[in-house]
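Visitor: Below, each chain spelled out in residue letters.
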Amino acid sequence: MFWKLRPLAGSLAFVCLCVSAVAVDATPLTPEEMAGAARTDGLSIPMPGEFMASLNKLGKIDWSSKFRIPIGTNYTSRPQMALNLGGLIADGYIAIEAQDQQQVKNIGRDILTLAKSLGVSKDVLERSGSITAFAEKNQWDQLKEELEATQNEVKQSMAEAKDQDLVTLVTVGGWLRGIEVVSGQIAAHYTETGGKLIRQPGVVTFLNERIDKLPDKIKDDSSVKSVRKKMADLQHLIAFPLDKAPTVEEVQQVNKLASDTLKDISKRQK
Amino acid sequence: MKRLFLTLLCASLTATTALRAATDGEVAARRTALDIAGAFTNDGFKLRDGYWAGSFEPGKPKLLQVNLYAGNQYYFTLGATPAAKKVRVTVYDETGKPVAIDDYQDTSVASVGFSPDNSGIFFVKVEVVDGAAADYCLVYSYK
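Protein chains in written order, with my numbering: chain R, 1 to 270; chain D, 1 to 143.
Keep in mind that the hints were calculated from the coordinates and are not lab data.
Predicted, not measured: the structure shown is a model, and the values here were computed from it.
Treat the hints with care, as some may be off.
[Stated by the list, open to error] Covered by chain D, according to a simulated footprint, are these stretches of chain R (three or more residues, beta-carbon under 8 Å): (1) 33-39; (2) 42-50; (3) 73-84; (4) 188-202.
All C-beta atoms in this analysis are idealised placements derived from N, C-alpha and C, irrespective of residue type, glycine included.
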């Protein structure tokens, strides 16, 4: 009964909220308040889908042209698996934007293969069924939410297994694949408005701080070494001032750095 | 959609207990926030699966840093337990200035929406305007 009435209740509540509009508190924040703001992996880092939604506002995009050659799923290094798992989740968003059923299923299967190798719990793995079901019904909006929920559950399962460090790497891998695709599109169809989209000082700073705090054992992994070096370079390129748009050459540089990093992390380690 | 909502809710509640034990109040606040945020999905907004929960009290607001993209529309929805009789959520840009936003409030729930002109850092402040200490949960939607 509750669930039957829930949409109605939500809509009524929303209408009530609209009716009681009030003025905004106009007191600015102090630098100390801003410096002390909380940052969480769950909300402070945008999902690849948000980045892609903003890119869609610039014009029609051929998302199927953004697919990449399937990466391997048989890595021996756990940090490398985590980085590639993040990249695959971003690939899932691209497949959803392209509304390509088969691609969604293929990527969903690869995500599960890597997640299994990382020891993610059985409950999470059962989500593969719902991803396939949404894809078969062309429920693309629901798929985006399902994919984010899957990512969060994978991260949660890792946290439960005391693999919190790998959670950071999943986030980094997803962000890198997102910035690669978006910067590639903007570089190919450059406008100043498009260029400003890649401005993400908070994200890169947050991720670099997390990477710096990883245990030495993980930082010594060759895939993580590559990520650390290139993320530091990316920080300089992506943290440009508010009133300045990057040049097309700078956007191309961002794209090259992200692409090179993704190639490094998808290579099998010797 | 109902199935998806149930799945997300169950997953989120499970997730919360795993990182640290969620209080009953945080769970209730999340339910309140989701009831309102769910209405935005009818207008094409995607609800983020992540959330930010804790406790707050009058005169001691909490602040969260987020990163938003120009061109997208966002709605931040705050739910709190009934001890907070009136709550507020305000969004600031990276210089600390409040951004031009719609501001809707109703007892222990509030929601603000806006479209950033520039991509970058923003801050979301949640506070108790009237009432006592309470648990809160912030979620956001975008399109």
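Visitor: Confirm or reject each hint.
Guide: Status of each hint after checking the structure:
| no. | hint | in the structure |
| --- | --- | --- |
| 1 | 33-39 | holds (count 6) |
| 2 | 42-50 | holds (count 8) |
| 3 | 73-84 | violated (count 0) |
| 4 | 188-202 | holds (count 8) |
Checked against the numbered hints above, the structure violates only hint 3.
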